[in-house]
Amino acid sequence: MQLLVNGESISLPEGATVAALIQQLGYSGETFAVALNGDFVPRASYEQAALNTGDSLDIVAPVVGG
Amino acid sequence: MTEKLKLYGKEFDSRLLVGTALYPSPAIMRESVAASGSEIITLSLRRQSPAQQHGKMIWDYIQETGCQLLPNTAGCKTPKEVIALAEMSREIFGTDWLKLEVIGDDYNLQPDPFGLIEAARELVKRGFKVLPYCTDDLVVCRRLLDVGCEVLMPWGAPIGTGRGLMNKYNLQTLRERLPDTPLIIDAGIGAPSQACEAMEMGFDAVLLNTAIAKAQNPVLMAGSFKLAVESGRAARNAGLMLKRQTASPSTPTLDMPFWQQTVSEEKGEEKGEAKGEGEKV
Numbered sequence: 001m002q003l004l005v006n007g008e009s010i011s012l013p014e015g016a017t018v019a020a021l022i023q024q025l026g027y028s029g030e031t032f033a034v035a036l037n038g039d040f041v042p043r044a045s046y047e048q049a050a051l052n053t054g055d056s057l058d059i060v061a062p063v064v065g066g
Numbered sequence: 001m002t003e004k005l006k007l008y009g010k011e012f013d014s015r016l017l018v019g020t021a022l023y024p025s026p027a028i029m030r031e032s033v034a035a036s037g038s039e040i041i042t043l044s045l046r047r048q049s050p051a052q053q054h055g056k057m058i059w060d061y062i063q064e065t066g067c068q069l070l071p072n073t074a075g076c077k078t079p080k081e082v083i084a085l086a087e088m089s090r091e092i093f094g095t096d097w098l099k100l101e102v103i104g105d106d107y108n109l110q111p112d113p114f115g116l117i118e119a120a121r122e123l124v125k126r127g128f129k130v131l132p133y134c135t136d137d138l139v140v141c142r143r144l145l146d147v148g149c150e151v152l153m154p155w156g157a158p159i160g161t162g163r164g165l166m167n168k169y170n171l172q173t174l175r176e177r178l179p180d181t182p183l184i185i186d187a188g189i190g191a192p193s194q195a196c197e198a199m200e201m202g203f204d205a206v207l208l209n210t211a212i213a214k215a216q217n218p219v220l221m222a223g224s225f226k227l228a229v230e231s232g233r234a235a236r237n238a239g240l241m242l243k244r245q246t247a248s249p250s251t252p253t254l255d256m257p258f259w260q261q262t263v264s265e266e267k268g269e270e271k272g273e274a275k276g277e278g279e280k281v
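These protein sequence lines map, in sequence, to chains A and B.
Note that the first sequence covers residues 1 to 66 in this note's numbering.
Note that the second sequence covers residues 1 to 281 in this note's numbering.
If you're looking for bench data, these hints aren't it; they were derived computationally from the structure.
Please note that a few of the clues may not be correct.
Said to hold, decoys possible - Not everything, but these chain A residues come out facing chain B in the computed CB check (under 10 angstroms):
| # | residue |
| --- | --- |
| 1 | M1 |
| 2 | V5 |
| 3 | N6 |
| 4 | G26 |
| 5 | G29 |
| 6 | F40 |
Said to hold, decoys possible - Anything over 10 angstroms on all C-beta distances counts as not near chain A; from chain B, calculated:
| # | residue |
| --- | --- |
| 7 | E64 |
| 8 | E118 |
| 9 | Q245 |
What the hints assert, rightly or not - A short list of chain B residues far from chain A (calculated; beta carbon distances all over 10 angstroms):
| # | residue |
| --- | --- |
| 10 | G37 |
| 11 | K80 |
| 12 | I117 |
| 13 | L145 |
| 14 | R163 |
| 15 | N167 |
| 16 | N170 |
Where a beta carbon is used, it is the ideal one built from N, C-alpha and C, also for glycine.
Using the sequences and the accompanying hints, generate a full structural model.
Below, the structure is given as structure tokens:
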């Protein structure tokens with residue numbers, strides 16, 4: 001299935017979860033957070049958060065700010 | 001200065017909050033934050049790929065400052081975006097403090113008062129300690145207090161303009177009508193004199209970023225703002241004199257030498273001398 005991650009198209013096997021996506025993309029540590037279709041996904045829910053074709057994910061990390 | 005700034009149950013010695021963006025380097029940012037004496041700093045979240053490790057680097061730098069973190073929702077235009085970013089911030093930064101921004105106009109980055117109130121209401125329900133970046137409109141500020149905000153951050157001028165306190169009448173009205181609410185002037189401050197003025201007007205603190213980060217010497221400017229904020233606060237506590245329309249001599253007028261009573265003028269007139277000679281003194 002095709003997904004958008006931070007605006008870029010990515011292929012994942014059917015039935016993949018946020019946890020699988022995070023692992024495939026190589027995110028590690030605790031300095032990132034995830035939103036699925038604009039809704040926050042708590043870290044504790046990554047294993048249960050199923051993905052579907054057309055989903056849009058945002059994965060963010062700290063930046064400077066004013 | 002022993003008088004503390006109290007925000008959401010926490011006490012701070014410094015009344016200057018600073019942003020972490022736009023500095024020439026992370027090292028200068030850290031040094032500037034230290035020179036400012038600030039105990040509260042703002043930061044944000046943005047999309048990042050795993051290949052980009054600067055998120056962790058920035059995080060490490062910021063943690064080293066030991067400051068209270070105030071994550072912002074800069075760039076968000078809807079309450080939905082704000083809620084998601086706020087939750088992500090809380091998870092990463094481990095704080096429920098939030099500088100709430102809902103932008104209503106791309107050109108002057110003016111806060112959207114309607115989205116702001118809606119977002120603030122939901123964030124307070126979710127346990128966030130919300131510090132909204134808002135306009136200087138009294139009614140909007142009251143509504144933000146109604147939905148549970150305990151601190152307000154009205155703008156001085158649009159973000160990054162450095163124009164100072166654009167609408168002093170509205171700001172003074174806020175200060176007078178909301179005497180017990182911590183009010184922080186956020187955005188638009190371009191010079192230490194403007195920060196000092198905000199403090200003299202009775203605002204509880206000042207938040208700024210660009211004026212320090214874009215100075216030719218950010219570290220020196222950070223120290224200058226620290227002094228200005230402290231000076232303004234002390235002046236406020238000392239009580240400013242009232243303005244007058246006419247001049248009033250500060251040096252005693254009693255026993256002024258060379259001065260003659262009008263009677264001498266009259267004598268002069270009698271002798272046909274120039275009128276008003278005595279007034280030259």
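Now the hints, each set against the structure:
1. Because the closest C-beta pair between M1 (chain A) and chain B is about 20 angstroms apart, greater than 10 angstroms, the hint is violated.
2. At about 9 angstroms, the closest approach between the beta carbon of V5 (chain A) and any beta carbon in chain B falls short of 10 angstroms, and the interface hint on this residue holds.
3. Interface hint at N6 (chain A): satisfied, since its Cβ lies 4 angstroms from the closest Cβ of chain B, which is below the 10 angstroms cut-off.
4. Satisfaction of the interface hint for G26 (chain A) is found here, the shortest Cβ-Cβ separation to chain B being roughly 4 angstroms, below the 10 angstroms cut-off.
5. Using the Cβ-Cβ criterion of 10 angstroms, the hint placing G29 (chain A) at the interface with chain B is satisfied: the shortest such distance is roughly 7 angstroms.
6. Interface hint at F40 (chain A): satisfied, since its Cβ lies 4 angstroms from the closest Cβ of chain B, which is below the 10 angstroms cut-off.
7. For E64 (chain B), the shortest C-beta to C-beta distance to chain A comes to about 13 angstroms, beyond the 10 angstroms cut-off, and the non-interface label holds.
8. Taking the minimum C-beta to C-beta distance to chain A, about 16 angstroms, the non-interface status of E118 (chain B) holds against the 10 angstroms cut.
9. Taking the minimum C-beta to C-beta distance to chain A, about 41 angstroms, the non-interface status of Q245 (chain B) holds against the 10 angstroms cut.
10. Even its closest Cβ contact with chain A, about 18 angstroms, leaves G37 (chain B) beyond 10 angstroms, as expected for a residue assigned away from the interface.
11. Its closest Cβ contact with chain A, about 6 angstroms, brings K80 (chain B) to no more than 10 angstroms, contrary to its assignment away from the interface.
12. Against chain A, the non-interface label of I117 (chain B) holds: every CB pair exceeds 10 angstroms, the least being about 21 angstroms.
13. Distance to chain A confirms L145 (chain B) as a non-interface residue, since its nearest Cβ pair spans about 24 angstroms, more than 10 angstroms.
14. With a cut of 10 angstroms on Cβ distances, R163 (chain B) stays outside the contact zone with chain A, its closest approach being about 16 angstroms.
15. Under the 10 angstroms C-beta cut-off, the non-interface status given to N167 (chain B) relative to chain A holds; the minimum distance is some 21 angstroms.
16. Remark: the non-interface label on N170 (chain B) is consistent with the geometry, its nearest Cβ contact in chain A lying 22 angstroms away (cut-off 10 angstroms).
The structure shown violates the earlier hints numbered 1 and 11.
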